[in-house]
Structure formats: C-alpha cells, structure tokens
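Number of protein chains: 2
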Amino acid sequence: MTVLAQQAVLDAHYMARALELARRGHYTTHPNPRVGCVIVRDGQIVGEGWHIRAGEPHAEVHALRAAGELARGATAYVTLEPCSHHGRTPPCADALVNAGVARVVAAMQDPNPEVAGRGLQRLAQAGIATDSGVLEGEARLLNQGFLKRMEHGLPFVRVKLAMSLDGRTAMESGESQWITGPAARSAVQRLRAQASVVLTGADTVLADNARLTVRADELGLDAEQTALVMSRPPLRVLVDGRLRVPLDAPFFKAGPALVATCMAVEEQYANGPECMIVAGDDGQVDLRRLLMELAARGVNEVLVEAGPRLAGAFSRQGLVDEFQIFIAGKFLGSSARPLLDWPLAHMKDAPELKITEIRAVGDDWRVIAVPIPPASV
Amino acid sequence: MTVLAQQAVLDAHYMARALELARRGHYTTHPNPRVGCVIVRDGQIVGEGWHIRAGEPHAEVHALRAAGELARGATAYVTLEPCSHHGRTPPCADALVNAGVARVVAAMQDPNPEVAGRGLQRLAQAGIATDSGVLEGEARLLNQGFLKRMEHGLPFVRVKLAMSLDGRTAMESGESQWITGPAARSAVQRLRAQASVVLTGADTVLADNARLTVRADELGLDAEQTALVMSRPPLRVLVDGRLRVPLDAPFFKAGPALVATCMAVEEQYANGPECMIVAGDDGQVDLRRLLMELAARGVNEVLVEAGPRLAGAFSRQGLVDEFQIFIAGKFLGSSARPLLDWPLAHMKDAPELKITEIRAVGDDWRVIAVPIPPASV
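Heads up: the protein sequence lines correspond to chains H and U, in order. For the first sequence, UniProt numbering assigns the number 1 to the initial residue and increments by one for each residue that follows. For the second sequence, UniProt numbering assigns the number 1 to the initial residue and increments by one for each residue that follows.
A hint or two may mislead.
Under the rule of at most 25 Å between Cα atoms (straight-line distance), these lysine to aspartate or glutamate pairs were calculated in the DMTMM-like manner [claimed, not checked]: (1) H:K253 to H:D282; (2) U:K348 to H:E48; (3) U:K348 to H:D281; (4) H:K354 to U:E172; (5) U:K354 to H:E172; (6) H:K253 to H:D203; (7) U:K354 to U:E138; (8) U:K348 to H:D363; (9) H:K348 to U:E138; (10) U:K354 to H:D363; (11) H:K348 to U:D208; (12) H:K348 to U:D203.
Reference listing, derived: stretches of chain H covered by chain U, where coverage requires no fewer than 3 residues with Cβ under 8 Å from a Cβ of chain U [unchecked claim]: (13) 156-167; (14) 272-285; (15) 305-317.
I should point out that these hints are in silico values taken from the structure, not numbers from a laboratory. We put the CB at the ideal spot given by N, CA and C, even for glycine.
Please model the entire structure based on the sequences and the hints provided.
Below is the structure:
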C-alpha cells in the first residue's frame with residue numbers, strides 16, 4: 001500500500017470514531033448539528049469530544065481540552081467543518097489554531113452560510129493542513145435535518161405511521177388502539193426524542209386525546225441518555241386551522257406547545273399556548289409555509305404523527321423526506337381507514353418510494369421508505 | 001462429549017445433508033412427499049439419493065443403488081420413515097432390509113395411514129436399529145402440503161398477493177398492471193412451480209386475461225431444474241361458480257385446467273376443460289369442499305392467485321395456511337382496491353398473523369405471514 005493509501009485508511013478509521021462520538025448527541029444537539037471530534041498524535045487518540053447541547057462547548061473544544069498539550073502537532077478529525085463565527089461559543093477554528101494542531105480533517109464542509117468553507121480557510125491561513133470529504137456520506141446522514149434546513153430552508157420531515165399488514169390504521173368507526181406492540185412504541189418514543197418538533201393535527205388530538213410527549217420509562221435508553229433526552233423535549237406542534245381543539249385537551253395540559261392556525265387567535269387562547277398564524281386556503285394551514293417558519297426558528301427535524309388527513313396532506317404536497325411505517329401482524333379489513341388520505345385515479349400518478357430498510361421491531365416490523373421525486377422516476 | 005452426544009451430532013449432520021438432497025425434489029415430487037436419503041458407512045457417505053417424481057424410485061432406492069455392496073452394515077438417514085406398502089414402487093423398508101443396512105434413522109414418521117410407523121416396525125422386526133425424530137421440525141417444513149393432506153385431508157393453502165406499501169392492489173377503476181418488479185415476478189413463478197395446483201377466480205381471469213402458467217424463462221432456475229419443472233406443470237384450477245369465463249379465454253387456451261363450479265355444466269363446456277361441480281350458496285363454490293376434493297386427488301399445495309374477493313373468501317373462512325405478500329415501493333392511494341375483501345367492524349375481530357419473514361426481492365419486498373388461529377391469540 002502506498003503511503004497515501006495508508007493515510008486514507010487511517011483517516012477513514014479515525015473519522016468513523018468521530019462519527020460514533022457525534023451520534024451520542026443524537027437526541028440533544030438541535031438546533032445545532034451533531035458533531036464529533038477525535039485528536040490523534042503519533043497514531044494514538046489523545047482527545048475525544050462531541051457536541052452535547054446547543055449553548056454548550058462544541059466537539060472540538062471538548063476534544064482539545066481532553067488532549068491538553070498533546071494537541072500540539074496532532075491531527076484533528078471533525079465530522080463537520082469547524083465553525084469560524086462567533087455564535088453562543090467562540091469559533092472552533094480559532095481554538096484549533098491556538099492549540100497548535102498540525103492538520104485538520106473534516107468529513108464535510110459546513111453548509112451553514114456563516115461558515116461554508118471559511119472555517120477550513122481560516123485554518124489553512126494559519127498554516128494548518130486541511131482535508132475535507134472523508135466519510136462524507138455518513139456525515140450527511142447524521143445531520144439530515146440540519147443540512148435540509150441549511151440547504152433548503154426547510155426541516156427534514158419524517159412521517160411515522162402504524163398500520164396493519166393490509167395497510168389500515170383504524171376501523172371505519174374510528175375505533176383504534178395501539179395496533180403495534182411495546183417495542184414499536186418504544187421506537188416511536190425515540191423518534192420523538194430525536195426530533196426538534198413533534199407535529200400532529202386536530203383530528204388526532206380530538207379523537208385519541210393524544211399528548212405526543214416523550215415518556216422517560218418508554219424510551220428504552222440508559223439513565224444518562226434518558227436524562228439528556230428529558231432535559232430538552234421536542235416542541236409539540238398542533239396544526240389546527242380552525243382552532244377546534246379546546247384548551248382543556250390533555251395535549252395542552254402536557255406541557256408547552258405551539259398551535260399553527262389560520263384563524264385570528266380567539267380570546268380563549270389569550271392565556272393559552274403560543275399560536276402561529278399561517279395563512280392557508282379553506283381553513284387549512286399552508287403546510288409548506290409552516291415548515292419554513294419552523295426552519296426559521298431552528299427546527300431541523302419534524303416528526304409528523306397524525307391521522308390519514310394531515311399525513312396525507314404532507315405526502316400529497318411532496319413535503320415528506322422519509323416514512324417510517326410500523327406494520328403489525330394483523331388485518332384490519334377492507335372497510336378500515338386508509339394509511340393516507342390520498343385518492344389517486346391512475347396508476348401513472350402513483351408515487352414511487354424507495355424502501356431502504358425493513359426490520360423486525362419486537363413482534364412488529366418497521367419499514368423505512370423514501371419518496372422518489374417524480375422527475376427522477 | 002459422551003459417545004451418545006457425539007452420535008446425536010453426527011446424526012443431525014447426516015440428516016441435514018439428507019434434507020438438502022430432499023429439497024432437490026422441491027418442484028416435482030407431488031403428490032408424493034419430498035424425501036432425501038444418505039447412506040453412511042465408517043464415517044463416509046457411500047450413497048445419496050432423493051425422490052424426483054411420483055412413479056419413479058424413492059430416495060432410499062437411489063441411495064442404495066449408489067452405495068451398492070457398501071450398504072451392508074451401514075446407517076441410512078432418511079427424511080421420512082421408509083414406506084412399508086406397495087404403491088407404484090415396492091416398499092423401501094424391504095429394500096433396506098435386503099441391502100443389509102444395520103441402522104435406519106428417520107427424521108419423522110410418515111403420517112400416511114398406509115405407513116404410519118409400520119415402515120420402522122418392519123425394519124425393527126428384521127433386526128435393524130431404528131431411530132426417529134432427528135431434525136423433525138425441518139423435515140416437517142419440507143412437506144407442509146403432504147402433511148396437511150395426510151393429517152387434515154386438506155391441502156396447504158398459500159395465498160400470494162402483490163400490493164403497494166399502502167396495502168392496495170389496483171386502482172378503483174380496476175386499472176392494474178404489474179406493480180412489482182421482475183425479481184418478484186420470478187419468485188411468483190417459482191411459487192407456481194412448487195404448487196400442485198394454482199388456483200384463481202373468474203374475476204382475475206376476466207379482468208386481466210390471466211393464464212397463470214409457469215414460464216420457463218422467468219423461473220430463474222438452472223437448465224436441469226427448469227426442465228424438471230416444465231415436465232410437470234401445476235394443475236390450473238379456476239373457481240367460476242356461475243361459469244362466467246368463456247371457453248375462448250386465454251386461460252383455457254394455455255393448457256389443461258379444471259373448473260370448479262356450482263352450475264350443472266352447460267353444453268358449451270362439453271368439449272372444454274374438466275369441470276368439478278362443488279355445491280355452494282348463491283352460486284359461490286364452497287371453498288372448503290373444493291379443497292377437500294383437491295386433497296382427495298392428491299393435491300398437497302395450492303397457490304391462490306386471485307383478486308380481493310376470492311382471496312378474501314379463503315381468508316375469511318380460515319382456509320389460508322400462509323400469505324406471501326409482495327410489497328412494491330409505491331402508494332396507490334386511498335381510493336384504490338383493498339388487499340382482501342374482508343370488511344370488519346371491530347378491532348376485536350381483526351385476525352392476527354405472525355410475520356415470519358420479510359426479505360428484499362429485487363426492488364420489492366416479500367412478507368411471509370402465517371394466520372394465528374383465534375383460539376391461540
């Protein structure tokens with residue numbers, strides 16, 4: 001193997017470790033991205049760090065602190081280009097320069113317009129060797145929400161659905177109950193926990209008394225992770241174009257929430273939850289506009305847990321990045337409610353999806369499917 | 001390890017090989033069971049055989065021929081108790097006695113009332129050591145159809161369905177086309193090939209001009225297996241209570257078929273396909289009675305490839321042993337046709353299934369699900 005090829009293998013090795021560290025921030029970094037950092041000197045890892053929570057030190061700072069004087073002349077592996085701007089913490093590029101590292105390898109450039117190459121530039125200007133693009137695919141997967149927001153001004157939208165094997169979600173009468181088992185429910189709790197926003201509609205809140213909270217005892221995480229998760233629960237957003245949900249609904253009693261509506265906020269809501277007025281037709285909130293508003297507030301990932309109407313509306317409007325469909329081993333029958341309200345007349349209009357994963361979750365199964373944009377079919 | 005434990009490990013090892021050989025008859029043995037045989041002497045395999053086609057020699061005979069004189073004093077491993085009766089071939093128990101084997105190990109007793117322990121008894125009477133029950137679970141899986149017929153007088157019924165991710169099979173208008181890709185279609189061809197009967201209904205034959213034949217070039221098998229398969233295609237059975245399908249339908253032109261109907265056979269059918277009159281209500285064939293008739297004719301496995309009405313009827317009546325559902329990565333929408341015509345009012349009536357396998361088949365996925373009888377839920 002050539003020296004260059006050896007270097008590439010080692011770079012990938014240490015970057016994989018940095019990605020592993022970054023994942024520890026899975027539930028907590030937003031609105032910031034998940035970032036990990038490893039400092040390597042003479043083939044030894046001398047410092048590791050990851051970003052835990054917005055407002056707290058970045059991954060590089062943790063790793064540099066751990067390395068101390070050993071950072072001098074070392075190589076730093078970071079899963080995202082070090083920042084060059086003063087946010088709530090000082091720029092990491094400066095910290096790396098000050099610590100005297102000799103080389104910085106980033107998995108990818110930071111698409112944040114406040115950074116966007118300037119972090120690596122700052123390092124290069126200080127005489128530090130820089131590389132970018134090591135395990136970039138993995139690094140992008142880690143921060144799908146942050147990247148979507150930075151690149152498109154929209155959050156990453158994940159729609160969670162639970163259905164029977166024949167594609168139904170509830171009986172015709174509306175009768176419904178957990179159709180999936182405890183392992184699937186626990187997986188849904190973790191999906192909520194990793195999201196910046198859990199979003200639902202008036203139908204679901206009215207019909208099921210849904211609260212959509214994160215419950216510590218159902219997360220299935222260890223004590224440390226559970227504590228981190230519970231320290232920053234996702235914002236619960238209710239789409240209620242006509243303000244149908246009364247303020248004494250369990251949803252509102254379960255903690256802070258944001259209501260997206262088309263109505264001028266009525267008096268009864270004066271002392272209630274925060275309201276966001278999003279114009280729309282026919283008393284229906286304009287969902288794209290709502291998502292843009294949420295992104296502007298720093299929301300990276302939205303988990304939609306709603307009935308066929310609202311989930312169907314997100315789907316029809318092409319706003320969904322990923323479906324997570326939990327399938328229970330039962331048939332609810334041909335008169336039961338559909339997965340999504342989405343009437344289609346012709347086969348040629350049927351949207352295509354790429355099923356990327358199917359995996360057993362307890363007695364149920366989880367399908368992950370990604371819409372294929374019509375242009376690329 | 002004790003000598004006994006060692007023997008058990010060796011027995012399982014050779015039986016596994018015998019099962020592997022038995023699987024070579026996957027497409028061709030019916031109405032007979034699939035059977036494999038290995039003859040072992042002094043730790044060496046000296047003969048192997050498997051049953052290929054009804055009317056031809058049984059597995060034991062092939063293996064004994066291969067072993068020749070070396071069979072004397074050897075152990076024979078058979079996946080099913082050797083037969084003791086004169087069928088189209090002489091009893092295998094006698095052949096084993098005559099060859100002078102010292103020990104016979106069977107995976108399971110033959111439930112065929114003409115054998116049912118008498119094969120092993122015959123061997124024991126001749127002074128041969130016998131064992132039964134080695135890898136019995138695997139041996140039973142190999143012959144689900146044969147066992148169902150012997151034990152319950154009914155064939156094993158497998159229902160094949162193809163649906164979108166939202167559980168739909170065709171548009172509301174009836175517009176339909178292959179929704180799954182070539183790998184799934186090839187898998188369906190192999191399901192047809194392994195069945196004794198491929199069964200469909202008038203709706204499918206009328207709407208789709210379905211022929212339900214096995215096509216050599218779509219099987220995805222090697223030349224030898226393909227030739228074996230094509231030498232005994234499954235019987236195609238049309239359920240047509242009111243004789244709605246005209247004799248010039250492509251279905252009838254594609255080869256021999258059996259029509260199950262409630263009607264006295266009309267004149268037009270006089271020179272047409274064989275008809276079986278099965279009484280039923282409202283011009284609907286009594287499906288359980290039809291299955292019993294087919295079992296009486298030696299049918300082990302039935303593949304149902306039908307529309308929501310007929311597949312739904314089999315399901316509602318508890319006649320299905322296994323669903324194989326091919327799932328395509330698309331949504332057909334909420335007005336599209338259901339998987340099964342099976343209206344249910346209450347959650348408590350929703351039938352439970354055990355999903356035993358989900359696997360990628362090309363770009364599609366295949367779910368295998370087994371109904372759980374209501375009593376055991």
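With a Cβ-Cβ cutoff of 8 Å, does the stretch 305-317 of chain H contain at least three residues near chain U? holds (count 3)
CA of U:K354 to CA of H:D363, is that 25 Å or under? It holds: about 8 Å lies between the C-alpha atoms, which stays within 25 Å.
Has the given pair, H:K348 with U:E138, been kept, meaning a C-alpha gap of at most 25 Å? Not satisfied, since the Cα-Cα distance of roughly 44 Å exceeds 25 Å.
Pair hint H:K354 and U:E172, alpha-carbon separation not exceeding 25 Å: Given pair H:K354, U:E172 holds - Cα atoms ~24 Å apart, limit 25 Å.
Would you check the hint for U:K348 and H:E48, treating anything up to 25 Å between C-alpha atoms as holding? 53 Å, violated
Are the Cα positions of U:K348 and H:D363 separated by 25 Å at most? The hint holds at about 18 Å.
Are three or more residues of the stretch 156-167 of chain H within 8 Å, CB to CB, of chain U? holds (count 5)
Coverage criterion applied to the stretch 272-285 of chain H (partner chain U; beta-carbon cut 8 Å; 3 residues): violated (count 0)
Quickly compare the C-alpha distance for H:K348 and U:D208 to 25 Å and report which way the hint goes. 18 Å, holds
Holds or violated: U:K354 and U:E138, Cα atoms, limit 25 Å. Given pair U:K354, U:E138 holds - Cα atoms ~19 Å apart, limit 25 Å.
Are H:K253 and H:D282 close enough, with their CA atoms no more than 25 Å apart? Since the Cα atoms of H:K253 and H:D282 sit roughly 28 Å apart, the hinted pair is violated (cutoff 25 Å).
Is the hinted pair U:K348 and H:D281 satisfied, with a Cα-Cα distance of at most 25 Å? Between U:K348 and H:D281 the Cα gap is close to 39 Å, so the pair fails against 25 Å, i.e. violated.
In the structure shown, a violation is registered for the earlier hints numbered 1, 2, 3, 9, 14, in ascending order.
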